[in-house]
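Just so you know, the sequence shown maps onto residues -18 to -1, 1 to 241 in mature numbering (1 follows the signal peptide of the UniProt record, and there is no 0).
Careful: at least some of the hints might be erroneous.
Stated by the list, open to error - In silico DSS-like links for lysine-lysine, alpha-carbon gap of 27 Å or less:
1. Lys240 x Lys36
2. Lys240 x Lys56
3. Lys240 x Lys23
4. Lys56 x Lys36
5. Lys240 x Lys27
6. Lys23 x Lys36
To be verified - The calculated label-pair distances, taken between Cβ atoms and stated as ranges, are:
7. Ala157 x Pro26: 26 to 36 Å
8. Leu230 x Val81: 12 to 22 Å
9. Pro153 x Val31: 40 to 50 Å
10. Asp221 x Asn118: 27 to 37 Å
11. His123 x Pro66: 20 to 30 Å
12. Ser108 x Asp49: 47 to 57 Å
13. Ser223 x Ala75: 36 to 46 Å
14. Val81 x Pro106: 43 to 53 Å
Hints are computed from structural coordinates only; laboratory data are not their basis.
Glycine is no exception: its CB is placed at the ideal position from the N, C-alpha and C atoms.
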Amino acid sequence: MSSVSVFLFFSFINVVLLQGTGSGSNGNLRLCIVEGRGSYKRAPKYCPVLDTEKSGIECVIGTDRLDCLRRIHKGTVDFGVFSPEDLIATQWADVDVLVTNELRHRARPYERRVVAIVNRRILPDSSSNLHAILRNRTLCHPGVGLDDLRPLSETLSARKYPSLCAACRFPSKCAANDPYWGDLGALNCLGEGAGDVTWAELDDVNTYFGLTQRLPMYSYPSTERFAVLCRDGTWQPLDNSTELCTWLHRPWPVVVAKR
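Given these sequences and hints, build the entire structure.
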């Protein structure tokens, strides 16, 4: 969960308490969470808050999110927060749970919307299909973590796995602070002409090109050199005059409870 989601979640706890007696000690409701790693560990910070505030909630650490869903299904814990992908897993795992609320921190139906942004130089003069437009083009990739990089390098051949470090602006350093690293870094890569296409969250696109808000002291790239590529091979101008075609809608996290 993001920090905003954590805040919203704990604001929601009083509503959960209306469900009545829980499965924990003294009738407490039991919250199942999966602990992160390294800097993503949040249980030591947030779980003691529940005890201090006498919230009627106690933490239970699950081995993974599916384990938490199974515990909710069996009634050994009462609720938790899950992603849309977790809900898909419940369908094939024969887990029956109740979705009670979405954790929204913005007034919109989806948490994330992914769009494809291309340099207009790759667009044909006449209509074409998606495969022809993207064939042999250069992708501006946001980069991956070390845990993902090693399996790729060990699984794929050198011919199929060119070094991601070569895609950095400064390949010799290959650092996380490279101008082409991360979500906005991929847009930098596209904006500076180092690549032809990138898939990015619409919020990042709006920020990078100043489509919804422009700060007076910041120089924004011209949108005339770029377009939004749609899944059917058509494209749209990169501006805020129309609803941009999206490749992916990601729903908000949800609170799941036992039935």
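Outcome of the hint check:
| no. | hint | in the structure |
| --- | --- | --- |
| 1 | Lys240 x Lys36 | holds (22 Å) |
| 2 | Lys240 x Lys56 | holds (8 Å) |
| 3 | Lys240 x Lys23 | holds (25 Å) |
| 4 | Lys56 x Lys36 | holds (26 Å) |
| 5 | Lys240 x Lys27 | holds (26 Å) |
| 6 | Lys23 x Lys36 | holds (22 Å) |
| 7 | Ala157 x Pro26: 26 to 36 Å | holds (29 Å) |
| 8 | Leu230 x Val81: 12 to 22 Å | holds (21 Å) |
| 9 | Pro153 x Val31: 40 to 50 Å | holds (45 Å) |
| 10 | Asp221 x Asn118: 27 to 37 Å | holds (28 Å) |
| 11 | His123 x Pro66: 20 to 30 Å | holds (24 Å) |
| 12 | Ser108 x Asp49: 47 to 57 Å | holds (54 Å) |
| 13 | Ser223 x Ala75: 36 to 46 Å | holds (45 Å) |
| 14 | Val81 x Pro106: 43 to 53 Å | holds (44 Å) |
The structure agrees with every numbered hint stated previously.
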